[in-house]
Amino acid sequence: MSSPAPVLDLAAIRADFPLLHQEVNGAPLVYLDSAATSQKPQAVIDAEVSFLTRSNAAVHRGAHTLAAEATELFEDARATVAGFVGAAPEQLVWTSGATAGINLVAYALGNASIGRGAPASAPFALRPGDEIVVTESEHHANLIPWQELAARTGAVLRHISVQDDGSLDMNAAASVIGSRTRVVAFPHVSNVLGIVNPVADLVALARSVGAITVLDACQSAPHLPLDLPALGVDLAVFSGHKMLGPYAIGGLFGRSEVLEALPPFLTGGSMITTVTLDEAQYLPPPQRFEAGTQPVSQAVGLAAAVRYLEGVGMDAVHAHERALERQMGDGLRSIPGIRLLGDAPGAERVGLWAFDVEGVHAHDAGQFLDSRGVAVRVGHHCAQPLHRRFGITASVRASAALYNTADEVDVFLDAVSGIRSFFGVTS
Amino acid sequence: MSSPAPVLDLAAIRADFPLLHQEVNGAPLVYLDSAATSQKPQAVIDAEVSFLTRSNAAVHRGAHTLAAEATELFEDARATVAGFVGAAPEQLVWTSGATAGINLVAYALGNASIGRGAPASAPFALRPGDEIVVTESEHHANLIPWQELAARTGAVLRHISVQDDGSLDMNAAASVIGSRTRVVAFPHVSNVLGIVNPVADLVALARSVGAITVLDACQSAPHLPLDLPALGVDLAVFSGHKMLGPYAIGGLFGRSEVLEALPPFLTGGSMITTVTLDEAQYLPPPQRFEAGTQPVSQAVGLAAAVRYLEGVGMDAVHAHERALERQMGDGLRSIPGIRLLGDAPGAERVGLWAFDVEGVHAHDAGQFLDSRGVAVRVGHHCAQPLHRRFGITASVRASAALYNTADEVDVFLDAVSGIRSFFGVTS
Amino acid sequence: MSGLESLYQELILDHSKRPQGKGLADEDGRNATSHQRNPICGDEITLRVRLTADGAVRDVTWDGAGCSISQASASMLASLVAEDAGDDGMPQASASALIDGFREALRSRGTLPLDEEVYGDAAALSGVSKFTARVKCAMLAWVAFEDAMARA
Amino acid sequence: MSGLESLYQELILDHSKRPQGKGLADEDGRNATSHQRNPICGDEITLRVRLTADGAVRDVTWDGAGCSISQASASMLASLVAEDAGDDGMPQASASALIDGFREALRSRGTLPLDEEVYGDAAALSGVSKFTARVKCAMLAWVAFEDAMARA
Ligand SMILES: Cc1ncc(COP(=O)(O)O)c(C=O)c1O
Ligand SMILES: Cc1ncc(COP(=O)(O)O)c(C=O)c1O
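For the record, the sequence lines run as chains A, B, C and D.
The working numbering numbers the first residue of the first sequence as 1 and each following residue consecutively.
The working numbering numbers the first residue of the second sequence as 1 and each following residue consecutively.
The working numbering numbers the first residue of the third sequence as 1 and each following residue consecutively.
The working numbering numbers the first residue of the fourth sequence as 1 and each following residue consecutively.
Rather than coming from a laboratory, the hints here were simulated on the basis of the structure.
Among these hints, one or two may not hold up.
Pair ranges (Cβ atoms, derived) [unchecked claim]: (1) Arg54(A) / Leu4(C): 17 to 25 Å; (2) Glu104(C) / Gly83(A): 20 to 28 Å; (3) Asp115(C) / Thr426(B): 33 to 41 Å; (4) Gly83(A) / Asp115(C): 31 to 39 Å; (5) Val209(A) / Asp227(B): 51 to 59 Å; (6) Glu10(C) / Asp9(B): 28 to 36 Å; (7) Val156(A) / Asp227(B): 45 to 53 Å; (8) Ser161(A) / Gly101(C): 58 to 66 Å; (9) Asp227(B) / Ser50(A): 31 to 39 Å.
Positions of the beta carbon are idealized from the N, C-alpha and C atoms, including for glycine.
Chain A with its partners taken away, still in its complex shape (with noise of 0.2 Å):
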């Protein structure tokens, strides 16, 4: 960047992180595992603490006063959550979080496989021999749901592989989507790899077929300006507890005419117009897809994440992250006997960096970062095959968010440069 970055105000942000101030093992807690979920401001805790204690009742069912006040407040919270990835209200649903949303995606497109749909559905109707396109990079979450749906239906799932360097081979993508593939599901950044994917470049490759697109938005929500239909994607989901908000409650967005063609997935309250004892009716999008008491509370205190990191501001956000990414991936890069995991030259990136540790097992690894107060993930964060890829089964993981520091950085990096000789490891 030519530019210097805009610094953030740190001392005031961390002061609105409650859980950063601790001790873990006599030092200060260092918590570089964002990826894996974020911590909470306080605006967050308290918009659902104020919604629990005033305005709490049913939504879209009472017509007491309370009720309807819940109910302005919940469609107030999906205006302002569409609003942070460039979406309409009525393209946004709500899900209990990413696994939830894709598997939504993918069960409601079998279910268009077997006719459960209104005739809109039929185009998206998967049979024997279609093709359905991950990455070798994939989340778990963005993997097994369509294996199922491939099993379920006769498709065929395919994959993009992964380069030595982590990114992504377009070359294998222009040839692997192609006649039959139907669906392109893929990660906008993978949540070990950190680095930020071609989408458009993708999208592209799927229009070109007649493929829809499934975006996997867990990794970058949080840390980069999202516009969702800016990037042209069909489908993309992203979990709240990630990007600052509550547990249980995650986004799916959808292009409205892939909504309105999609049969709904869970069945239940609220979800229907005519109810007989042998078949029901569907609402529209979004509420045909939301069955049940929503997360009422929760999409609340999502609103309020997504107003404080609109507040920070998502450009700021993400030079501040990308600076800590610098300065720990060149920090790594110098300490013997680290590997960094997809370290391309020049990619856009977010600040993750996973690596391994050579001679060390990352549980190993993990274990002596935590005595020193430091935070991170440890495992195969759910990407086995990625692991695989690169002849390991797990790695260490530190990821940041907008709460740390350079100073930080610096812990971790002091403490990363004393695993290999304290488990006798010589290099």
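Add chains B, C and D with the ligands to chain A, keeping to what the hints say.
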């Protein structure tokens, strides 16, 4: 009841529920909509806030100190909530609510039906002509998922009718449940009728033909002492938000043999052992059914809710609510033009009544009550077939919880007695 | 005027008890029918627009069951059309403008009252806009009217 | 002893670097094999029990990859069996008792230390019980041992 009901310390209980202390339309709020969603005691809010501000981290995934602590709190919550319904921890699957729990069962059975399960799941497969039995009193959440499962598998959906007095026609049950019956799904307590159904008899009928039972315990879990294994049901669901707990969490109880045999429903992270790009192997229950990040802080909150209920004592809760129910029923019967739904003599009940106001639409009646500060639910309460059976499209429902008082019931009854004259209906 | 009385004005209760235009007219000449349902309470309406040869709105009739707000609103809509249509009928553009204005007022949370000169009795529905949960009830007939014209 | 040093005692690091019983023995005579996996980190172990004609445990061998705790634990288990088995082997009941005691100690959150007289080097794993997230690592080989005996 011959012995006097144990008296609850209502002042102390009400002080625990911050939302109750407000005015609505210039009158003190009388919240009689707990069957839609309950209010939350401060202890539930505090438990969630304390988790989020002190212990929040990804569970079952991290090795760092915070993650280990979060995992412990999460699994302790499972044990607490399982214990509340008489179950072992591994018999309790977290869901996002009752609707999600019933859909889980219906889709898992559907997956078993197309051979997506282990060999142990084969006995659960539905074949064309097999029968699924529900009741005419079903909430849409325990009806539409079975309609869809029937449509997917070719099974036939049948129902047990409701008699004029609201009780299930057990003669009909004995003839409807037959050799082709594979699933019998029914509510412990209907959310419109408030009558406790004869679970033991229905379970016996289902067992005699080798069918599995699915109990909708939404309206019993908050109000009665509950021992699901003792009831003999195979599967049961409940919702956190109706039992003083957070939104977006619920429980699915399953007998171990049944849970172990069923194939997964949602797929993704944390429910697998080995994943390749082509296929995945699944963990045993409950993890097999818990794909992706779980409602972690909500589980902690729900555990606090059931501890609160246990602290008051479910026998005392039931007795108190039963007394309110009697007061409501007696009062409503004496108001001209009120028709109670499901006034079966001598029925075991929880504290709710739905009713029709002759000559006044339920929406108008509810609006009038709201102007007096009384919050009730109006509409079909997600039970259209049951309303149709009683010849109406909508009713008014007042539902009590442990925090309601006899004085509040008086306010409610007084308001109800003013409805018809306000709308100029003469009896 | 208390909240409740601003919602249930005398005129509204009158219309709901003696509804105008209730009972569907025969389907003679150009006409179109719409069926609408409020999924929350199960209220339904079937509304028929008959048009002149030129495509102007001749009359509106309806049938259905529902709360007093939804019944009064349908009745008021029918009488408004009856008054304004005259011999040449009401141009569809005028009808659309009426519907748009009605929707805007009802969604205004009490900030945009309906003009009695334009809306006649229906102006009494202005009070509904403060009761967000009841806006759908008042809109039901008007949405059916809009939908029927779109089908015509 | 700091938290970390109580977990990674010298003995543990030694076993993990020079593991005993590593490399699966041939499947001669009575034997049974179990494969176990820790779904969190992907660590795996394959463990083989060979039994005497009487059904006593003759030896334990294993293969697998994992963290130092899981590797050390497998190694310590193999050497414990090697020491205790003698010529007649270790009765399965004794083996089960060992496994139960080990599990209990590891789940005790530091309250039940393992007896060095009984568990030999494996007693050094007592410290793991305070690290709840690592208990599974230490248990992996022992669960495989239990499972293999159940299959034998
Ligand atoms: C009897 C019954 N079953 C199922 C449900 C659905 O519960 P939820 O909306 O929490 O999924 C409800 C509540 O709405 C209910 O009362
Ligand atoms: C890239 C990616 N996709 C999907 C998920 C699943 O999200 P959740 O567990 O919130 O459903 C995650 C997080 O675990 C992720 O990082």
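Outcome of the hint check:
no.	hint	verdict
1	Arg54(A) / Leu4(C): 17 to 25 Å	holds, 23 Å
2	Glu104(C) / Gly83(A): 20 to 28 Å	holds, 22 Å
3	Asp115(C) / Thr426(B): 33 to 41 Å	holds, 35 Å
4	Gly83(A) / Asp115(C): 31 to 39 Å	holds, 33 Å
5	Val209(A) / Asp227(B): 51 to 59 Å	holds, 56 Å
6	Glu10(C) / Asp9(B): 28 to 36 Å	violated, 47 Å
7	Val156(A) / Asp227(B): 45 to 53 Å	holds, 48 Å
8	Ser161(A) / Gly101(C): 58 to 66 Å	holds, 59 Å
9	Asp227(B) / Ser50(A): 31 to 39 Å	holds, 37 Å
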